[in-house]
Amino acid sequence: MELIFGSVLVMLFLAISIVIFFVIYQKRLLKQQLHLQKLQDDYQRQLLSSSVDAQEKERVRIGQDLHDEIGSSLSAIKMLANQLPVSDEESGQLILGIKDGLSHTINDVRNIANNLFPSVLSKFGLTDALKYLVDVLSVGSAVVISFAGDNIPALNFEYELAIYRILQELINNALKHANATNLIIRLNQSGNKILLLVKDDGSGFDTVVATDLKQAGIGIKSIQTRLEVLQAQMKITSEKNKGTLVEISIPLPTATKN
Amino acid sequence: MSQTSNLIKIGIVDDHKLFRQGVTQILKKIKHFEPIFEADSYTQLLTQLEIRLPDVILMDIQLPGIDGIDACQQILEKFPELKIIALSMHTADNFIFHMMKAGARSYLPKDIDRESLREAIETVFAEGFYFTNYITNAMLQGVKSNNKQKHTLTYNETQLTKREKEIMMLICNGLTTAEIARQLFISIRTVEGHRKSLLEKTGTSNSVSLAVYAVKSGMLK
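Heads up: the sequence lines are chains A and B, in that order.
Per this note's numbering, residue 1 is the first one in the first sequence, and the count goes up by one each step.
Per this note's numbering, residue 1 is the first one in the second sequence, and the count goes up by one each step.
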């Protein structure tokens, strides 16, 4: 009798041990899976980040070369063209044509270079760069663009560049597709978050289609990649003929990063 | 004009050979202009300046290894009488404003035509400054927005002594050193001393940038 009771006790103890073991094992497994998932996410983000970085480096290089080398060369050529002797009306017209063409090309080169590498951003920071971007885009545009921003403390260049690119893309989208008359851009800081806002009073669109990666254009894809890298949230509110509001919230980089 | 009968000696600094040559060609054709050197870098410019000083320097603000704004400031510390005209592809207000604040006498686009370049050099040589609408606008914008260059040290007002503030106001009102000395009953040498320490404390390089500082800091309304 005692023997039976004893062995039942032992078996019960064993059974409980096995159950406890499994529960702990399962928990640990789950934890490990979560950890692995996080590692994978981080790795994915790093991959994205380095591919964006590589792309940006290339853009910076091409932009600077365009601006400094090609820009200077074209300016020099224009100066030389200025000195061509005008012997008759025909050659005068030709020289005028050459100079006009060069002026336009220099302007184009400057704009393209500035799109590729915003030199104001690298030297004077995000707020000034956005002011300049709005100034440049306002020239010859029927849309009234207004920009206002907090004086955000200087962040590292890559981070500022990412924010600049996102806004650049959103502004270009609005100017190209929205048929808007007013475009409002805001850059604010709230606690440890940077808040971006782009609002237009244009034609609006179907937000489901616009954010669906399979159907989205290159512009929105590149924004989403950058948002992913920055671990930022985007909210798009839009309705047909009622304009579009894009709100983005980006966590400030933590002190340990860079 | 009596000045134009003198030769105006001009130095050109740009890392772009074709551009340097283009400018030199133009300058050579103008009677009273004498291009005396071309430099392709800041170091080469310093070497040239040790040999002889031009009246006017045409300088790109994008030089290899050094920022043009810093370069301008550093040259003027060594040779305060030099008149620097910036020639740049950059058209953003920030660049213009900070270059003028660093002590440049004018800021011109690189694709400038011959006549404008001649006028700018002559005016800077004769009158000290040459303003275009672009420059005036950029200066206004810069003063208004309390525009700071990244990583630039700024001094706060309290570091200026009462006397220094007084002298700053007089400088801003266009008085010469001798006039200030007379008005305050102190020697010219003392005024010069104050002026020097004012420039040092405010991180400015000449009277114009000092005036800009005074407006920005709210001391001059």
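Any given hint could be a false lead.
Unchecked claim - Calculated pairs, SDA-like style, for lysine to any residue (alpha carbon to alpha carbon, straight line, at most 25 Å):
(1) Lys-29/B to Leu-94/A
(2) Lys-17/B to Arg-61/A
(3) Lys-9/B to Leu-80/A
What the hints assert, rightly or not - Interface residues of chain B toward chain A, partial, derived using beta-carbon atoms under 7 Å:
(4) His-16
(5) Phe-19
(6) Gln-62
(7) Ile-66
Unchecked claim - Quick look at which bits of chain B chain A covers, simulated, 3 or more residues with Cβ under 8 Å:
(8) 23 to 29
(9) 83 to 91
Honestly, the hints are just simulated from the structure, not real lab data.
All residues carry an ideal CB built from backbone N, CA and C; glycine is no exception.
Query raised in the report: Against which earlier hints does the structure fall short, listed by number upward?
Result: Hint check: 7 fails alone, others pass.
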